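> Letter by letter, the chains look like this.
Protein chains: 2
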Amino acid sequence: MNERQEEARFRRRAVKVDDAMEMVIAAAVPGRRETVPLWEAGGRRLAESAAATTDWPPFARAGLDGFAVRSADTALASPGSPAMLRVVDAVAAGEIASADVAPGTAVRIMTGGAVPPGADAVVMLEQTADARLDGQAAVRVKSAARPGQNVAPRGEEFRRGSVFAGPGELLRPGHVALLGTFGYAAVPVYARPRVAVLATGAELLPVEAPLAPGRIRDSNSAMVAALIMQSGGVPVMLGRVPDEPEAAARAVADALARCDMLITTGGVSVGDYDVMATLLRGLGPVEAAAEGEAQQLQPQSRLSPQLPPDSRLLFNKAAMRPGAPTSAAVVSGRLLLALSGNPGACFVGFELFARPAIARLQGASPEQARPKQATAKLVGGFAKGSPHERFVRARLYAENGVLYADPLAFGKSSMLASIPSADGLIRLKPGASGAAEGEIVDVILL
Amino acid sequence: MNERQEEARFRRRAVKVDDAMEMVIAAAVPGRRETVPLWEAGGRRLAESAAATTDWPPFARAGLDGFAVRSADTALASPGSPAMLRVVDAVAAGEIASADVAPGTAVRIMTGGAVPPGADAVVMLEQTADARLDGQAAVRVKSAARPGQNVAPRGEEFRRGSVFAGPGELLRPGHVALLGTFGYAAVPVYARPRVAVLATGAELLPVEAPLAPGRIRDSNSAMVAALIMQSGGVPVMLGRVPDEPEAAARAVADALARCDMLITTGGVSVGDYDVMATLLRGLGPVEAAAEGEAQQLQPQSRLSPQLPPDSRLLFNKAAMRPGAPTSAAVVSGRLLLALSGNPGACFVGFELFARPAIARLQGASPEQARPKQATAKLVGGFAKGSPHERFVRARLYAENGVLYADPLAFGKSSMLASIPSADGLIRLKPGASGAAEGEIVDVILL
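Just so you know, the protein sequences line up as chains A and B, in that order.
Okay, so the first sequence: first residue is 23 according to our numbering, each after it adds one.
Okay, so the second sequence: first residue is 23 according to our numbering, each after it adds one.
Here chain A stands alone, though its shape is the one from the complex (with noise of 0.2 Å):
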């Protein structure tokens, strides 16, 4: 490497993380749809747009086993003196009464059954005894019952036609319950993303491999792969990207034709035998592209391995403490994450870029890709300042009502040990000083 290629390198942009998250977002076009049966649907993101099929309740129902009253007629009703009503019908849940409650009268009803028309109230069977009345079956009424308790009003919850669940949104449980009551047996989904992961490195081993001197094992691509299926995505495990430049660059054109995106980790870096920061600075500083300088950057291009011609770089740097070299592009159309190698700095890439992009090809909005936030407040102090916005692991607790964030092994992105433990990253702001011990931090969930 001459000085010129070094400078080179040093000058690249350092995007910010929000603005790089954001470019990333853009770039991610939600994917392929298909059909899941619904009790499949779990943790899936919605295709199209879901609403209520009927008034919800369907009809006003019993909220618990009892008798459905008219309230006026037990309106002095009391232990000591109860209401009797003479029951003219029982229904079992899914039944329909054969009479309506006529005042005087009372009907046996189940929870969940359709309350008979005449009737405002339940009164719970606790508060009932069984009785005769004139021969026939009667029951007293302990206390007086108020109208509508126990009642839920048909249309309570849901119109007809209310929109409960939009495309993109991520189904949880609470949302399956809510399609099979309007009866969404087959749900549309976005289709679960292939993510090729492809590693570079030449000191990696595979897993199964045993160690050999100054050699490591590929320990990075079997984490992308867990984090890949935690975001809802499939990985495409392809190995390692070959060391010599253009057999990289066919490698990563490769898994882009076959896969809807591609992270690589490492190879990203300043050092001399970094594959994807060759690959990548073959694509041109983003800025010189957007002025339409073409015509300088061609030769430049030339000089690198060729990707596909209509890739396009996104950033090579993120001002950000780890993963500062993280770059991403968009090659064929489909987005290369070019993660760093470093495992620590690996995982925040992921949480910041892979993550909000997996969710984006399933159709999540920009709002919904993007981390989910909190506020904590900070145990011990940073005394260290940092140029660029620095994310450390955490583990996250509450104590009476406060969230703590804890960190873990700071300024240690090499770290593996601790990242099992890591509920969130704190988000310390660039400045001259650190922070302090108590100081309100930002937090992204994990």
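Do not rely on the hints blindly, as some may be mistaken.
Since the list gives no way to pick out one identical chain from another, each pair is judged satisfied if it fits inside one copy or across any two copies.
[Unchecked claim] Simulated pairs of lysine-lysine, DSBU-like, Cα-Cα distance not exceeding 35 Å:
#	residue 1	residue 2
1	Lys399	Lys164
2	Lys451	Lys164
3	Lys399	Lys451
4	Lys406	Lys451
5	Lys164	Lys406
6	Lys38	Lys406
7	Lys164	Lys38
8	Lys394	Lys164
9	Lys38	Lys451
10	Lys451	Lys394
Please keep in mind that the hints were generated in silico from the structure rather than gathered at the bench.
The structure displayed is predicted, hence computed values, not measured ones.
Given the structure of chain A, go ahead and fit chain B onto it with the hints provided.
Structure of chain B alone, referenced to chain A:
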């Protein structure tokens, strides 16, 4: 139903929620094991301890790209008066230097490379400049290096043999990274338990059916399936339990012969048609059975439809709202959880009993199986007390480091609309008065 039967129903003994949870956890026995490829291990529970198979890092590693130096050689270096060192080798990650770092020399090294003997620090590339010394490659180091700077010593994070995850641990992406690092290409995990789902209720229509007067669709089964999948189980959808008790008993026994656990919804309350209550009543009250009053119980059991003879009731009433009639039994050595048919109560019952049980079937320890709890500040207040613990669905959010729990649909457990928005369940202690605005409450995290 005669007065005596009715009395028997009302006499159900309410078990405290925490006690009921422990009963369920004790009854769910960790199940089969299997081996999965590492990249699929995320979200599974480990079946054995996993330990470091080597010191980690396995050698002194360079934390960034630069030059491996003897820090003493750079002690007086500054931008105006750099230290000049002869470059004796260049090692990529994965390579081993051919020469030690003798006084006055340096080795070009990449991130992750093995720091050669002699060197005790790595100077980042940006703080150096290429040079020539006596016609040979050299480097100018512009700042003093601290001993140990940018070097991760061998064994800094893990000593060989140290256990980093135990049996029952839920494997997060960070665990997967550690397993990869230490060569676990195939991971012993607990098999995903097969959890049968059966609905009860004559009013229920299949989700695909058009509505009919007085009827509703079975939305609980699909919701429970989504919850089972979230918990790591495999739902086995068996439709609706026959209304006729003998047939229902057979359906229950068949389900438990095929699956590791059974969840039923509905049919547990005091109504005339509550088939699960009828089946479980045949098992007799827990306290009597525990005191060995077998003779007295036998005839009562025979009156009821027969579950397999080794069946035992765990509880048929929980001291909670909603979901008081939630019941649990062990049938043929396997757990039967009978949840309320009310969707909100069904949801709460799942979180309190089914999720812990499914975790336990996957090898979670009792501690790991219990719901994750936090404390939060209550938004709004509840005037009304409750004789039993009350579980209120809530939206959780953090503002200024304070965790708030905003109740959804208090007192309307039948409400479907708010289930999807719930992030937590507020646990309101039993008592004459409710809870005040701003009070700190326990919250189960969903």
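> Next step is simple, just say for each hint if it's right about the structure.
Hint check:
1. Lys399 <-> Lys164: neither (54 Å within a copy, 39 Å between copies)
2. Lys451 <-> Lys164: between (65 Å within a copy, 29 Å between copies)
3. Lys399 <-> Lys451: Cα proximity of Lys399 and Lys451: in one copy and across copies (15 Å, 27 Å).
4. Lys406 <-> Lys451: within (12 Å within a copy, 45 Å between copies)
5. Lys164 <-> Lys406: Result: close only across copies, 22 Å inter versus 72 Å intra.
6. Lys38 <-> Lys406: within (20 Å within a copy, 50 Å between copies)
7. Lys164 <-> Lys38: between (69 Å within a copy, 29 Å between copies)
8. Lys394 <-> Lys164: Answer is neither; intra-copy 52 Å and inter-copy 42 Å both fail.
9. Lys38 <-> Lys451: Within one copy only: 11 Å inside, 47 Å across.
10. Lys451 <-> Lys394: both (17 Å within a copy, 30 Å between copies)
Checked against the numbered hints given earlier, the structure breaks hints 1 and 8 and satisfies all the rest.
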